[in-house]
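J.: Kindly generate the complete structure, drawing on both the sequences and the hints.
Numbering (the numbering used here) for the sequence shown: 91 to 567.
The set of hints was computed from the structure by calculation and includes no laboratory data.
Careful, some of the hints might be misleading.
Computed Cβ-Cβ distance ranges for the label pairs, DEER-style [unchecked claim]:
(1) S128 / N309: 37 to 47 Å
(2) G274 / P538: 40 to 50 Å
(3) G295 / S223: 46 to 56 Å
(4) S128 / H468: 49 to 59 Å
(5) E464 / E113: 36 to 46 Å
(6) E216 / A475: 39 to 49 Å
(7) H468 / E249: 20 to 30 Å
(8) R483 / T268: 43 to 53 Å
(9) I181 / P313: 19 to 29 Å
(10) G564 / S128: 37 to 47 Å
Note that beta-carbon positions come from the ideal geometry of N, C-alpha and C, so glycine has one too.
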Amino acid sequence: MVTRITFGTDGWRGGIAEDYTFETVRYCAQGTADHIISEGLADRGMIVGYDMRFRSEDFARAVAEVLAGNGIRAYLADHPAPTPVLSASIIPHKAAGGIWITASHNPPTDNGFKLRSSYGGAAAPETLRQVESRILAAQQDDSVKTLDYDRAETQGLVELFDPDEGYLQGIAKLIDTTPIREAGFRVLVDPMWGVGQGWFTRLLGGGRTAVREIHAERNPLFPDMRRPEPIDDNLQVLLKEIPAWNADVGLATDGDADRIGMANEKGGFVNQLQVYALLAFYLLEVRGMRGPLVRTLSTTVMANKLADKYDVPVYETAVGFKYVAPEMMRVDAIMGGEESGGFAFANHIPERDGILAGLYLLDLMVQMNMKPTELIDHIYSLVGAHYYDRIDRPLDPDRKGEVQERVRAAKPEEIAGLSVTEIVTVDGFQYRLEDGGWMLIRFSGTEPVIRVYCETTHEDKVPAILAEGLTLAGLEA
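T.: Right, here's the structure in full:
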């Protein structure tokens, strides 16, 4: 029975020892190798990296052996590293791309296989479709070429390298961290047992600012949280510790540190849509940058309101950086972002970077001389208050078609008393509302989950909007 490998929102994810096995990972690597060879890029080699999940380093080593077996040099990271750090190493190596062994924010039972292109960002959808076809062919032919690791290393087909230095050099060109180091902040950081641990301490140490980390060791079980996703439910320890430690701000990175979460000085969660608005304001106002913003349809309309004030365009994509990254490059955007807390920036790789996003948020606090609560109040003074929430529900994959048809057939004229002005089906079903807000019903691209999201200017209507979304999908509110 062939396990069909399909790339979702960002890579392929699977349950360890169920469908994510050494066999399936090797098939993924073989399909990728076949694609690289077909594109004439085999002589450029591939970067291979990994996170701190269960046996990630061993899965990465297996990938390197397959690449070597196909005559493709594997530049293998010599330690677990954040996704943006690994992606930044693609360009100086002039590599054909990168393969990261990580399941990002997924539960501890999962691992994953992310594919990056030569520009240092997520591979485009068409590339992923071609790789999927080649993976299936390798599975059907039961054909995987491997070369023993020690022999591959001796032959120069596996080369260990440290990805950190190149990333640090790139960060130094993007931001002067001295004002943050000397601000005297108390910054509480939760790397969520992932590869983000140590990075803010490393970048901000040696000055008046104190950085303290929690959950800063390897533990693939991810205690104290359901998963290493930097959202309210998973950050309760961080939120409670902020007032106890008298922190000025809390920052969190997900399992592979390509997403950022933020908490205010009172221990309140700053949601991902608010963070998008803060970062966009930072680039447009504090840095005086001008250029397009890119956002997924599940991200804040505050971006559009800020863009109007600064006379810059906004481009909207489906969910996932496989759509955001190519669009950023196409329009030469100053920023791209999504509701998950992933943000990418101009003059950097077109890749989500939780570390750089965190530094920009801290610099915004310095430059505006404001605490997080004051920054949100300032944003709302510009664009009005916006309220957001999301509900995730498990969904049996066998029911997906049935639920899709049910939602497609429903064409509500109003939701929670707000008129529906447009229904958009680019990625899921988005109902745009009369107040400029929206409700979105969407199937996750990384796990068997259905999500209902909303953003509105009416705080009291958030629960009702989400409840109506669940009802439309035939789920209990």
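J.: Could you run down the list of hints and mark each one as holding or not?
T.: Quick rundown of the hints versus the structure:
no. : hint                    : result
1   : S128 / N309: 37 to 47 Å : holds, 40 Å
2   : G274 / P538: 40 to 50 Å : holds, 46 Å
3   : G295 / S223: 46 to 56 Å : holds, 48 Å
4   : S128 / H468: 49 to 59 Å : holds, 52 Å
5   : E464 / E113: 36 to 46 Å : violated, 54 Å
6   : E216 / A475: 39 to 49 Å : holds, 40 Å
7   : H468 / E249: 20 to 30 Å : violated, 49 Å
8   : R483 / T268: 43 to 53 Å : holds, 46 Å
9   : I181 / P313: 19 to 29 Å : violated, 37 Å
10  : G564 / S128: 37 to 47 Å : holds, 43 Å
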